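Peer 1: Just need the whole structure built from these sequences, with the hints factored in.
Residue numbers (the numbering used here), protein chains in the order written: chain E, 0 to 195; chain H, 42 to 372.
You may find that some hints are simply not true.
As the list claims (entries may be wrong) - In silico DSS-like cross-links for lysine-lysine, where the CA-CA straight-line distance does not exceed 30 Å: (1) H:Lys326 / E:Lys99; (2) E:Lys103 / E:Lys41; (3) H:Lys342 / E:Lys42.
Quick caveat, the hints were computed from the structure, so don't treat them as lab data. These numbers come from a predicted model, not from an experiment.
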Amino acid sequence: MKVAIISVQGDVEEHVLITKRAMDNIGIDGEAIATISKEEIKKSDAIILPGGESTTISKLIHQRGIDKEIKEAAMKGKPIMGTCAGSILLAKHGNEQIKKTKTKLLGLMDIWVKRNAFGRQIESFQVKLDIKNIGYFNAVFIRAPAIVKTGSNVDILSEFEGYVVAARQKNLLALSFHPELADDTRIHEYFLRMAE
Amino acid sequence: MQLENLRFGTELIKRGFAKMQKGGVIMDVTNAEQARIAEDAGAVAVMALHRVPADIRAEGGVARMADPKKIEDIVEEVTIPVMAKCRIGHISEARALESIGVDMIDESEVLTPADVFFHIDKHSFTIPFVCGARSLGEAVRRIWEGAAMIRTKGEAGTGNVVEAVRHMRLINYAIKKLEKMDEDELYGVAENYANPYKKLAEKVVEEMGNKLNGDEEIFGKYTIADITDGIFNVLKEVKNMKRLPVVNFAAGGIATPADAALMMFLGSDGVFVGSGIFKSSNPPKYARAIVEAVENWRDSKIVAEVSKGLGEAMKGQEVDKLEEMLQTRGL
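Peer 2: In structure tokens, the structure reads:
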């Protein structure tokens, strides 16, 4: 199995390391690579959009033209996980902040996202979150977005303070927090099983 | 139930914030209009300043924290994180910046230091700090004090990349040297790196005709043994990870897209650009070019392409002709 971590900006390395650990834990023979190459993205079995600044990541993905490859992979049913900024890019609908900055979304999931939903860095937090199919997880929210509304085809996996913070729509997984920062591979294992 | 577990300002959150900046460019801005240009160009954050370092250098005088009103205007204007600088050791400027919603504080040698003995004990803050370093010793001391991000000091406001390169090379080589050391040798390094914390206590006891006995508290509640142990733990982390345990950016003299690409080649996690953008003849174009160069530093064709027809870079200065080296502030 080959997992492509989209490497334009953000905490790419953390995703690479924890994906490798998750593969070892559940006995998957595969590789996790940081890449922005169209060819590599085409060849991959699953894709991760990491955390970072959504304005920057969106600009560079569209400049490079790799938005097409990611959308194609989604259509083919390959699993795609977006964490924090990545979850914003997966969405079809963004709030005023996203519109104001003219951030282009990939528009793959029927979710409405709100950027910086919990406030600035001083309000960033970590919490033991109850996540469907996973259990309690030490979730780190950093200037995090949240999902304010979901389509009927979206499975809500976790909620916090009235917002949806983890959701799945078939092969697509959107998380408002950073599973790659916690020393816990369960969410990446769950994601890898979606690709099996 | 969940609220009981809610935690703010942990090391994980602070270091995590800095990790989200990786592969990005953080730009110095002095007003909302410049901040807008930076965000539109793809900056991952802006550094709100009263004057850019080149002007601080030219105008002289005491350089302090920027006017909070100006910082608030910038916070209002952009959606990306806003950072601001406080003077080295100036706890009250740092608290003021924290209170107005700045996302990260740069305890910076570019401003006039407020304390010749100590940096801020950054663990007691909820928001993260970035600090400059010229060597592994400086970097490790700042990390022990709670910095969530390190940047090279370079020589700010010069438009000359030579000092940033010097500092990055010194840090990288020192990390390489650690790899072959056993724990005893590592502890010896920690003892040396802890020495600057003794300056205040030594001055006082020597004036009294005595010597430091080693068990007194010399920095806040910390004894020299606490500090050495703390630094030793950071060094073990550095050795295991073969890099600094926090994000390490380049700063201080980066003026062109090729400068930025060079710093990425030397292992920087990202780049701060100070005077380089808004002292150039075409700031929006310059800003975009530097973002693209950092993103595509491995692809020389792109670096060449974005460097074409950029107009005048900032004029720049030779370091050995400077009256004052900002990098010597804060050890």
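Peer 1: Hint by hint, say whether it matches the structure.
Peer 2: Checked hints:
no. : hint               : in the structure
1   : H:Lys326 / E:Lys99 : holds, 21 Å
2   : E:Lys103 / E:Lys41 : holds, 21 Å
3   : H:Lys342 / E:Lys42 : holds, 25 Å
Going down the numbered hints, you'll see the structure goes against none, and every one checks out.
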